[in-house]
Amino acid sequence: MHAVRLRPSGLWIGWDSQNLYWASSRELLGSTPATSRQALTSGLFADQHPWLQIPAPELGWLSVHLPQTRLPYRVGWLWPWQAWGLYRRWHRLWLLAHSRALLHQTRQLQAQCRGRYLRQAQWPSIRQQADAILNTHHQLGDQALAKPVATAWQWLLKLQQPTALQRLQQSYCRRMVRRYAPLFDTLEQHPLTVRQREACVLDEAANLVLAGAGSGKTSVLAGRVAYLLASGLAQPQEILLLAFGKQAADEMRERIASRLPETQEASAPSPEISTFHALGLAIIQAVEGKRPALSPLAEGSGARLSLVQDAFEVALQDPNYRSRVLEYLRRYLYPRTDPMQFTERAGNLGKLAAEELKSLKGETMYSLAEVQIGNWLFRQGIEYCYQHPWPLPLKHSSHQEVLPQFFLPEPGIWIRHLTLDRRGKALPWQDATAYQAAAVALSQTGGAPVIIDTYYWQWQSNRLEKVLPKELEQRQIPWQPLPEEAVLATLREWGRLQELVEQLNEMLGYYKAGCFDSARLKQQLAQSTEPARAKAALVLLRPLFERYQQELKRTRSMDFDDMIGLAIEHVANGRFISPWRQILVDEFQDISEPRARLLRLLRDQHPESALFCVGDDWQAIYRFTGADLSLTTEFANYFGPAAITALDKTFRFNNAIGEVANRFVQANPAQLRKPLASLQQVEGARVTLHWLDKNAGRGVEPAASLETLLGQMARSVTTPPTSVLLLARFRFSLPDAAQLQRWQQQFPQLSIEAMTLHGAKGREADQVILCGLESGRHGLPSEKETHPLIAALLPKAEVFAHAEERRLLYVGLTRARQQVFLLADRARPSPFVQELLTEGYRLDVVGA
Numbered sequence: 001m002h003a004v005r006l007r008p009s010g011l012w013i014g015w016d017s018q019n020l021y022w023a024s025s026r027e028l029l030g031s032t033p034a035t036s037r038q039a040l041t042s043g044l045f046a047d048q049h050p051w052l053q054i055p056a057p058e059l060g061w062l063s064v065h066l067p068q069t070r071l072p073y074r075v076g077w078l079w080p081w082q083a084w085g086l087y088r089r090w091h092r093l094w095l096l097a098h099s100r101a102l103l104h105q106t107r108q109l110q111a112q113c114r115g116r117y118l119r120q121a122q123w124p125s126i127r128q129q130a131d132a133i134l135n136t137h138h139q140l141g142d143q144a145l146a147k148p149v150a151t152a153w154q155w156l157l158k159l160q161q162p163t164a165l166q167r168l169q170q171s172y173c174r175r176m177v178r179r180y181a182p183l184f185d186t187l188e189q190h191p192l193t194v195r196q197r198e199a200c201v202l203d204e205a206a207n208l209v210l211a212g213a214g215s216g217k218t219s220v221l222a223g224r225v226a227y228l229l230a231s232g233l234a235q236p237q238e239i240l241l242l243a244f245g246k247q248a249a250d251e252m253r254e255r256i257a258s259r260l261p262e263t264q265e266a267s268a269p270s271p272e273i274s275t276f277h278a279l280g281l282a283i284i285q286a287v288e289g290k291r292p293a294l295s296p297l298a299e300g301s302g303a304r305l306s307l308v309q310d311a312f313e314v315a316l317q318d319p320n321y322r323s324r325v326l327e328y329l330r331r332y333l334y335p336r337t338d339p340m341q342f343t344e345r346a347g348n349l350g351k352l353a354a355e356e357l358k359s360l361k362g363e364t365m366y367s368l369a370e371v372q373i374g375n376w377l378f379r380q381g382i383e384y385c386y387q388h389p390w391p392l393p394l395k396h397s398s399h400q401e402v403l404p405q406f407f408l409p410e411p412g413i414w415i416r417h418l419t420l421d422r423r424g425k426a427l428p429w430q431d432a433t434a435y436q437a438a439a440v441a442l443s444q445t446g447g448a449p450v451i452i453d454t455y456y457w458q459w460q461s462n463r464l465e466k467v468l469p470k471e472l473e474q475r476q477i478p479w480q481p482l483p484e485e486a487v488l489a490t491l492r493e494w495g496r497l498q499e500l501v502e503q504l505n506e507m508l509g510y511y512k513a514g515c516f517d518s519a520r521l522k523q524q525l526a527q528s529t530e531p532a533r534a535k536a537a538l539v540l541l542r543p544l545f546e547r548y549q550q551e552l553k554r555t556r557s558m559d560f561d562d563m564i565g566l567a568i569e570h571v572a573n574g575r576f577i578s579p580w581r582q583i584l585v586d587e588f589q590d591i592s593e594p595r596a597r598l599l600r601l602l603r604d605q606h607p608e609s610a611l612f613c614v615g616d617d618w619q620a621i622y623r624f625t626g627a628d629l630s631l632t633t634e635f636a637n638y639f640g641p642a643a644i645t646a647l648d649k650t651f652r653f654n655n656a657i658g659e660v661a662n663r664f665v666q667a668n669p670a671q672l673r674k675p676l677a678s679l680q681q682v683e684g685a686r687v688t689l690h691w692l693d694k695n696a697g698r699g700v701e702p703a704a705s706l707e708t709l710l711g712q713m714a715r716s717v718t719t720p721p722t723s724v725l726l727l728a729r730f731r732f733s734l735p736d737a738a739q740l741q742r743w744q745q746q747f748p749q750l751s752i753e754a755m756t757l758h759g760a761k762g763r764e765a766d767q768v769i770l771c772g773l774e775s776g777r778h779g780l781p782s783e784k785e786t787h788p789l790i791a792a793l794l795p796k797a798e799v800f801a802h803a804e805e806r807r808l809l810y811v812g813l814t815r816a817r818q819q820v821f822l823l824a825d826r827a828r829p830s831p832f833v834q835e836l837l838t839e840g841y842r843l844d845v846v847g848a
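Mind the numbering: the sequence shown is residues 1 to 848 in my numbering, read in order.
No lab work stands behind these hints: they were computed from the structure. Treat each hint with caution, since some may be false.
[Unchecked claim] Below, a list of computed lysine to any residue pairs in the SDA-like style, where the Cα atoms sit at most 20 Å apart:
| # | residue 1 | residue 2 |
| --- | --- | --- |
| 1 | K351 | D338 |
| 2 | K147 | R119 |
| 3 | K761 | R114 |
| 4 | K358 | G214 |
| 5 | K158 | A132 |
| 6 | K361 | K147 |
| 7 | K674 | F800 |
| 8 | K784 | Q110 |
| 9 | K466 | F378 |
| 10 | K358 | R330 |
| 11 | K425 | S398 |
| 12 | K361 | S398 |
With the hints as extra help, turn the sequences into a complete structure.
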């Protein structure tokens with residue numbers, strides 16, 4: 001130990017490589033520090049400070065002192081050469097202590113950062129440690145440092161940068177990709193792409209891989225499992241792979257078995273591969289000790305519909321329920337579409353045609369006001385004829401537009417509904433002056449019968465049913481309202497009650513699948529476009545739902561939705577502890593909120609667990625099953641800090657098809673943007689539009705046109721068989737099985753299949769023919785109305801018009817490897833076809 005005496009205090013100060021000492025005498029230097037009370041009573045004093053706790057020494061003219069210590073330790077009245085020498089000794093020891101500590105602490109922190117994929121949740125702790133090191137040794141920043149120390153200092157400073165975490169994660173992924181390159185090179189028939197490899201090694205708490213059609217998402221799932229096992233991040237029994245259907249789960253099981261045969265050995269544990277329903281069943285069985293019985297109500301829609309039918313008939317015995325049913329049929333059977341909202345007649349007619357408006361007697365009508373008038377007359381027991389021929393010749397063609405719609409045979413009068421508001425304004429495409437003049441002229445025609453006029457404004461203000469009785473009373477026309485039983489009997493005869501029961505049965509399925517609590521259901525209903533209509537339907541549904549639940553309880557069984565709901569409850573309450581640390585999900589874009597909730601609960605049971613999801617928001621076409629696209633597009637909002645990457649190459653379709661399909665689906669700005677280049681490059685268009693003149697019949701493509709096209713394909717085949725896929729939005733737009741069999745025999749060079757666009761998900765063919773590209777209720781996009789209660793029970797609808805139908809066409813386009821043919825109705829072309837033509841997509845057009 002070196003020592004000097006401090007003047008004028010007489011204290012002694014000493015030092016070695018670890019500490020600085022001071023005492024009242026040289027003999028006490030380095031001894032056990034005395035307390036302040038001892039120092040006061042005995043006059044003895046000893047204390048010490050490690051160099052790491054002392055600020056950097058400072059050099060004065062004739063002194064050396066240590067600032068910011070408990071006592072102003074100062075060695076003064078030295079010759080300059082003495083002061084400089086003492087300063088150099090102290091400074092060297094101080095710098096050496098701090099440098100050693102900095103290097104040791106930094107290397108420990110680097111080991112934490114570089115030995116794993118650093119998750120976002122772990123980053124705050126890393127930053128805090130780095131800040132603490134920098135704060136402890138902050139004076140090193142002003143010193144001339146040795147190279148290793150300077151490098152460590154700069155590394156710590158870089159952790160303060162906004163991109164530091166991303167840089168560390170990328171560095172880790174690059175190392176893993178290099179380390180396991182032999183695995184990724186040989187796992188599949190062809191080496192995995194760069195993006196596929198990068199996706200496999202991600203290890204955030206929530207990972208989303210955005211795939212594209214034909215981009216090799218199954219290879220990524222297999223690569224992920226192989227990487228987890230090879231790297232030791234998970235044991236086989238700690239891995240869970242989930243698919244949505246049994247067939248998909250079986251295919252995944254076969255894929256894993258062929259790529260990783262070591263997991264299939266009898267004595268070796270293997271990853272769990274399951275559907276969501278099978279997972280729910282396994283969780284329930286593990287908690288309750290027995291396998292729950294599956295209710296016959298879950299095995300087919302017929303059994304549940306029969307139960308709902310019986311429950312509905314029982315409920316009708318209640319006068320209150322019976323009145324609510326009649327009120328619902330009277331007011332809420334159809335969406336309240338205001339004709340004034342349309343600027344063109346075609347838009348209004350298209351909407352009405354899509355809704356297929358019918359009276360309670362089953363007559364097809366052309367406006368909601370007409371339906372209301374017809375239903376009121378029916379309920380009052382007043383016989384009427386709809387669209388009865390006008391008895392007089394028309395003097396002018398304009399009179400055709402103002403003819404009465406209803407004829408009452410017994411009093412011999414007519415009822416006419418005119419689309420005029422309070423100010424006499426007509427519909428946007430009508431000339432109000434000419435319209436009113438024609439109405440007056442028809443009424444004043446010589447010999448014209450009595451006409452009762454009703455008006456749009458009366459319907460719009462809900463006064464129509466108040467006006468009608470007054471008009472009849474003024475003309476002394478008697479009526480006798482039908483008893484509720486008689487009305488119900490007629491509705492039953494016309495099939496209206498059965499239609500309602502089928503609609504309620506559909507609603508029950510959505511209600512059960514949503515796993516709603518009262519607060520969430522209330523929130524969903526509040527967001528409905530027609531909350532009154534949705535609530536009225538819910539009132540009718542509740543007693544039927546209660547009967548359904550009672551039947552499940554009576555038979556001690558459950559349906560598929562219970563498998564998810566009860567599993568959620570067991571996991572949330574801690575009755576089931578997940579054995580899995582890595583959870584992989586295929587086709588994630590089809591996930592529903594209850595399933596996502598189950599995934600999150602399972603993952604959150606273990607801090608080191610990870611969720612790895614592969615999906616394609618461009619192929620999200622199952623909202624009607626409860627799939628919630630926002631769980632993909634807003635992935636991090638639901639699952640927390642996330643790593644999101646996109647596969648950038650498709651191995652299926654050529655660049656010409658990709659150019660059309662990718663641009664078309666991204667016309668919706670809410671779709672996630674991602675690059676998707678085609679491996680196969682061709683010249684010219686590979687999407688061809690064929691104009692057709694549809695024959696009579698509901699949406700069936702002219703067989704001759706399809707046969708001609710198939711013949712052209714067959715003649716161009718060089719290496720048979722060439723696969724051909726006929727696709728349509730609805731099955732009735734496709735040829736039947738007999739016709740397909742005839743074509744298969746006629747064109748043996750082709751392998752021909754036909755299916756709906758929803759059924760074609762995951763399929764591919766050399767050539768694709770898209771049928772039924774027309775407008776209307778059964779076209780593409782389909783304009784079928786979704787009941788507001790069903791809409792409220794489903795995930796929130798997207799703002800962009802026909803967003804899911806657009807993705808459905810994308811799915812159709814991307815089933816083809818070589819060529820796509822679009823068959824469109826020239827008279828009623830699909831809006832999508834019109835968009836492809838007017839927006840400059842690269843198409844060939846035949847029959848223009």
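Subject >> Violating hint indices (sorted, rising) >> reply: Numbers 2, 3, 4, 6, 8, 12, in rising order.
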